[in-house]
Amino acid sequence: MADANESTLLEARGLGRTFGKGDGSVTALDDVTFSVAEGETVVLVGESGSGKTTAARVVLGLETPDRGSVRISGRETSGLSERDWRQVRRNIQVVLQDPMSQLNRRHTVEKIVSSPLRAYRIGDKASQRLRVIELLEAVGLEADHLDRVPHEMSGGQCQRVAIARALAVKPKLVVLDESVSALDVSVRAQVLNLLRDLQARLNLSYLLITHDLAVARYMGHRTYVMFNGRIVESGATEAVLADPQHPYTVSLLDSTPSGRLGMDQQHLGEAPIRALPSPEPGDQCRFLARCDSSQSRELCRDNRPELRVVGLDHWTACHFPRGIDPSRQMYGRTNDDSVDPQEDMS
Amino acid sequence: MGHNMARTSAAETGREATPARRVNIGMVVLAVTALTCLLGPFLWHFEATQIGAGLPFLGPGFEHPFGTDDLGRDQLARLMVGGRITVIVAAGSALLSILIGVTWGVLAAARRGWMDEVLMRTADAFMAIPQIVFALVFVAAFGSSILSLTIIIGVLLAPTTARIVRSVAMSELSSDYAVAARACGLGRTRVMATEILPNVLPTIMVQATINVAAAIILEATLSFIGLGIQPPDASWGTLLLQGYGKFYNSAWLVLVPTVWIVVTIWALTATSESLRSRARREAAA
Amino acid sequence: MSNSVPEPVLSVRDLQVSVPSGKGETLAVRGVDFDLQPGARLGLVGESGSGKSLTALALMRMLPPSLRIRAGQVLLDGRDLLTLSPREMCDVRGREIAMIYQNPMAALNPVLTIGAQLVEGLRIHSSVSRSTARRRAVELLGDVGIPDPGRRLDSYPYELSGGMRQRVVIAMALSCEPSVIIADEPTTALDVTTQARVLALLRQLVSSHGTAVILISHDLEVAAEFCENVQVMYAGKLVERSPSAELFAYPLHPYTKALLESSCVLTTDLTRPIPVIPGQPPQPGRFPVGCAFQPRCGQAGEICTDHDPVLEQMHERSVACHFPHPGASTVAGSGLEGGSFDG
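Protein chains in written order, with my numbering: chain A, 1 to 346; chain B, 1001 to 1285; chain C, 2001 to 2343.
Just so you know, these hints were derived from the structure itself, not from any lab. It should be emphasised that the depicted structure is a prediction, and the values quoted were computed from it without experimental measurement. Don't take every hint at face value.
Subject to a maximum C-alpha distance of 20 Å in a straight line, what follows is the list of computed SDA-like cross-link-like pairs (lysine to any residue) [claimed, not checked]:
1) 111/A x 1176/B
2) 111/A x 1187/B
3) 125/A x 1190/B
4) 2023/C x 151/A
5) 111/A x 1188/B
6) 111/A x 1282/B
Covered stretches of chain B, as calculated for chain A (at least 3 residues, CB under 8 Å) [to be verified]:
7) 1164 to 1178
8) 1181 to 1192
A few chain A residues that face chain B, going by a derived Cβ cut-off under 10 Å, partial list only [claimed, not checked]:
9) 89
10) 101
11) 107
Ideal Cβ positions, reconstructed from N, Cα and C, are used throughout, including at glycine.
Bound conformation, chain A alone:
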């Protein structure tokens, strides 16, 4: 995990959140720690029940954790008053999943995008309008969209408006909560390109929540894989996706057709037909019931695994990780932006 320093925008430590009490209680978050530095994209990957959405809500101040702390630009956010939260929120904005329902159906685009400006009383009406036009252009929309209403626009256009709104007050970090999941394939590509472009131009950071590994790989510099409220694997995206150590990460990759294509032969084969059992409660590895690794189980039953280092910028919470294999470079990512000669991927 990156050490906290001046360029750490977001730091979440030991987050815990349980809903309900007693038998029916659901632990959404259990000792979740992650951080986002300036200019980078951090991805929280997981399925439903993994806690990734709750983590995002905690970070945004929409949910109060039972345990743990969140620091935004060095400032502790637990116990902040509403007024102080408003100050913090200038630096951390959000784009949600559903393109249309996150925009007020009765407002025009101009009203929607300028609403943060009005909330923070930035500029007067005229300068706000100019800023809105500037933002619309930055996200690839024309000024004649100003008077449109959400249901007159397509999903892709609505999502761009949401992005424009998020950028209005010049935040440093934008939380993207499944922001491309509801878009058509061809539109998704446009929005992903836009997000990357904006990141480069404005030195933005993103906290991306997604269940889609391909999007995680494309956008993320670092990835945290979550299962049932815990982080089971984390590290540099290329490390985590090229050489997954935790059986859950392996199963995630295995479930994507293009993941199957690239996977080692030993993980191919018929996906078992039976339904997956629910995760176990108690003080054992949460993944135990689903784990089809052939390793010894006693350690897993008595001891909840903690995150430990398995490679360069690569951690996993498993007593029996797969083992690093340097030859697995299937999904390598080059960090510099210059165009490399096409690698032979086959």
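Chain A is fixed; fit chains B and C onto it per the hints.
Leaving out everything else, chains B and C in the frame of chain A:
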């Protein structure tokens, strides 16, 4: 034209086949009734209080389209003047009920927790008391002038309105755009005022028309049992009461106000239906 | 694959569906033709506005009230479903042609136990006794991989996870042994890990029952892996139909090729922006004249604005384009040749 995967069918379905007409027949009837009652007395050549305008207990005819009562007063004139009072009381109390109810409901929705509990249990308490009993007490205390009747009916209708407004406001508060607004830095009050209320407005309008209908019935009931408008003023309810006593002499004295009340309630219901479907379409778009 | 061509179990000819629009009605499905062989798996892929879901609903004659089938034939085992009376269609639905929906929670009645729903389906379409139906229901639940099926029969939908609910829906669809199943985005609402398992299950079941499947999806990869043949729909028409591996490796239609290239998958090139198709998919009522893809197409010619190309057969593939693309896709190797499916 949503592109949400889960709503693909809706997107491909497109708009509704027949956009509901802006103005439906209910609204027309309402407008006609209101206008007649408000302006009619100036144009009609009989006075409502004119005793002996015609022979008593006349049926509908050319001279007196709705007949006359036991004192020979023209029924059409009485109906129009009575309608005035009914309209004033109904509209006034509906307005009051909206004002009280919306504030009540919005406060409860915005400030969850104990305030919500207190407000809603108060509403429950109000609704638990039979309306007539409530009215009785109030009339005994404050008399039955037009003003006090308007106030009491307005207060009686407020709790239901509050409940409905609260539930809509709460559901809007949990919708994506409200969450996004909060996360983007808008304060709670601003969110309620600029984001939520415009989306609650259609519901409020529907409820207002329903409340007018309820007010008419309440007023008519109260007047019918003698707690409402007192003579010499007349509302449709008092006309009913007076006609009821003379039923065997002329059934028209009861039928005519009854039909008018029914027609007006129907017109209000039709209006509220069209407002409701318009609201639903706007919400789904 | 056998050499002789057997009779298709489902034959669709010139299917047209209209939707209401500002000025009356407009066609959202503009003439769809295809055959479905017994036991085959056919994919129908498209983005929003393509008409794929409407096609599925039209086949089942379950369109919402304001939509209408304007023309076409749907021959199921030789019988035209579009000419049947509503009552006759009710008989056919569920028994000969069944549907699996996108949202399992919406497909199941929340106030009835799953046993009750399964039994209901069984008893409507065949005259079995209650106990026989119950036994069969337990068998079915076991077939779809639900643990402890005997007890689960008395569970309510809310007690099951999303994946299990979808398995129940599959069990219901299979219960009367239909010859055709239409699966409309059956795994979209499910978790990724559950998706793979549910699809594998469906695959195994349809091959053991000999059921033909039409899989509707927005996800090309999923369709290509599950189906033997895939058809691509755009703006209400079929633009390409190919065996899966070839669709991926050598897409003929510029839209298919562009769609593959703009898909963000695990093998997408990270060093440059994802190639995009400019603009967005057109909606019914706004389909361009001539070839609907022409405004966004990189290789459109003059003829494309004047003449809407017709679906033409080239060996086992069909494409509707004036300039079909014969070369290899630039999408990094599909790896699907000789891969995970048979035939």
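Original post:
Quick one, are residue 111/A and residue 1188/B close enough, alpha carbons at most 20 Å?
Top reply: OK: residue 111/A and residue 1188/B at ~18 Å, within 20 Å.
**OP:** Given the hint that residue 111/A pairs with residue 1282/B, test it: the Cα-Cα distance must not exceed 20 Å.
**Re:** Within the cut-off at roughly 18 Å; holds.
Subject >> Proposed proximity, residue 1187/B with residue 111/A (alpha carbon, max 20 Å) >> reply: 16 Å, holds
Subject >> Outcome, coverage of the region 1181 to 1192 of chain B by chain A - at least 3 residues whose beta-carbon is closer than 8 Å to one in that chain >> reply: holds (count 9)
Original post:
Would the pair residue 2023/C and residue 151/A pass a check requiring their Cα atoms to be no farther apart than 20 Å?
Top reply: Status holds; Cα separation ~18 Å.
Original post:
Holds or violated: is the Cβ of residue 101/A closer than 10 Å to a Cβ in chain B?
Top reply: 4 Å, holds
Original post:
Does residue 111/A pair with residue 1176/B here, judged by a C-alpha cut-off of 20 Å?
Top reply: Holds - the C-alpha atoms of residue 1176/B and residue 111/A are around 16 Å apart, at most 20 Å.
Subject >> Per-residue hint verdict: residue 89/A, partner chain B, C-beta under 10 Å >> reply: 4 Å, holds
Original post:
Are 3 or more residues of the region 1164 to 1178 of chain B near chain A, judged by a Cβ distance of less than 8 Å?
Top reply: Answer holds; 3 residues pass the 8 Å Cβ test.
**OP:** Mind checking the alpha carbons of residue 125/A and residue 1190/B for me, to see if they're no more than 20 Å apart?
**Re:** With a Cα-Cα distance of about 17 Å, the restraint between residue 125/A and residue 1190/B holds, given a limit of 20 Å.
Original post:
Should the interface hint for residue 107/A be scored as holding, given a Cβ-Cβ cut-off of 10 Å against chain B?
Top reply: Status holds, d = 8 Å.
When held up to the earlier numbered hints, the structure conflicts with none and fits them all.
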